[in-house]
Amino acid sequence: MERQEFIASLNERFATASPQEMLQFLLNYYEDKIALASSLGPEDQILTAMLTEINPKAKIFTLDTGRLFPETLRLLDRTNKKYAISIQVFFPDYKLVEEMVNRDGINSFYDSIEKRQLCCRIRKLEPLKRAFQGLEAWICGLRKEQSVTRHNLQLVEWDEVNNLIKFNPLMDWTEQQVWEYIHQNQIPYNRLHDQGYPSIGCEPCTRSIEPGENIRAGRWWWESPDHKECGLHKRW
1 MERQEFIASL NERFATASPQ EMLQFLLNYY EDKIALASSL GPEDQILTAM
51 LTEINPKAKI FTLDTGRLFP ETLRLLDRTN KKYAISIQVF FPDYKLVEEM
101 VNRDGINSFY DSIEKRQLCC RIRKLEPLKR AFQGLEAWIC GLRKEQSVTR
151 HNLQLVEWDE VNNLIKFNPL MDWTEQQVWE YIHQNQIPYN RLHDQGYPSI
201 GCEPCTRSIE PGENIRAGRW WWESPDHKEC GLHKRW
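The sequence shown begins at 1 in the working numbering and counts up by one.
Simulated from the structure, these hints should not be mistaken for laboratory data. Treat the hints loosely; a few may be bogus.
Once the Cα atoms are required to be at most 27 Å apart in a straight line, the calculated DSSO-like pairs of lysine-lysine come out as [said to hold, decoys possible]:
#1 Lys81 - Lys124
#2 Lys95 - Lys57
#3 Lys124 - Lys95
#4 Lys144 - Lys129
#5 Lys33 - Lys81
#6 Lys115 - Lys81
#7 Lys129 - Lys57
#8 Lys124 - Lys33
Note that the structure is a prediction, hence the values are computed from the model and not measured.
Construct the complete structure from the given sequences, taking the supplied hints into account.
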């Protein structure tokens, strides 16, 4: 079966399936060739809880860019302890970070889109490429309503950036569904969410939002909404 036909068949198969049913199939089908790429956001925390209930040894990794909030790092520790797991952490190449910072400055990402994208490339995309080595597919917590750049999401899609099949089990969940599930199941979450930070990335590129603003308005707030992505999910 060719790739697109296979993806189409999976989209049909999972159209009415629960996220747990989808994850159970994926872990059985791909075994150790699939992983959850967790940003430690609420959606990824839900997927972590679901995965560890199915298989405590399911692969989960995260990226430490070197500019994360302390609250995010504390959440990583709390999550590992609650589920008795060890989420694998990937760091950027220190030589590339040193070269960029010494040439352009510590906060060069404010200067231009090009420099912001370079920072994301070094701190996120390069370690992500290493994290994906040996995998055939990955799971992430993207939802359609998060951003204008995500309205065309599919449950199963081909990730051209990383040459892997990508699965979005919570694609159609609403913000309300996410938080109801977190509270009902006592899933640990970042305390910054209680302080007006619905979407959390690196500390200097994240701010709280005002009532009525889009949930991603606090990410790279100085840029146009049409290209508010770090390159993990959308090619620039």
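Status of the hints after comparison with the structure:
1. Lys81 - Lys124: The given pair, whose Cα atoms are some 25 Å apart, holds under the 27 Å limit.
2. Lys95 - Lys57: violated, 32 Å
3. Lys124 - Lys95: Roughly 14 Å between the alpha carbons, so the hint for Lys124 and Lys95 holds.
4. Lys144 - Lys129: With Cα atoms ~24 Å apart, Lys144 and Lys129 stay inside 27 Å; holds.
5. Lys33 - Lys81: Holds, at about 25 Å.
6. Lys115 - Lys81: Measuring from Cα to Cα gives roughly 37 Å; hence the hint is violated.
7. Lys129 - Lys57: holds, 22 Å
8. Lys124 - Lys33: holds, 21 Å
Hint check: violations occur at hints 2, 6; the rest are consistent with the structure.
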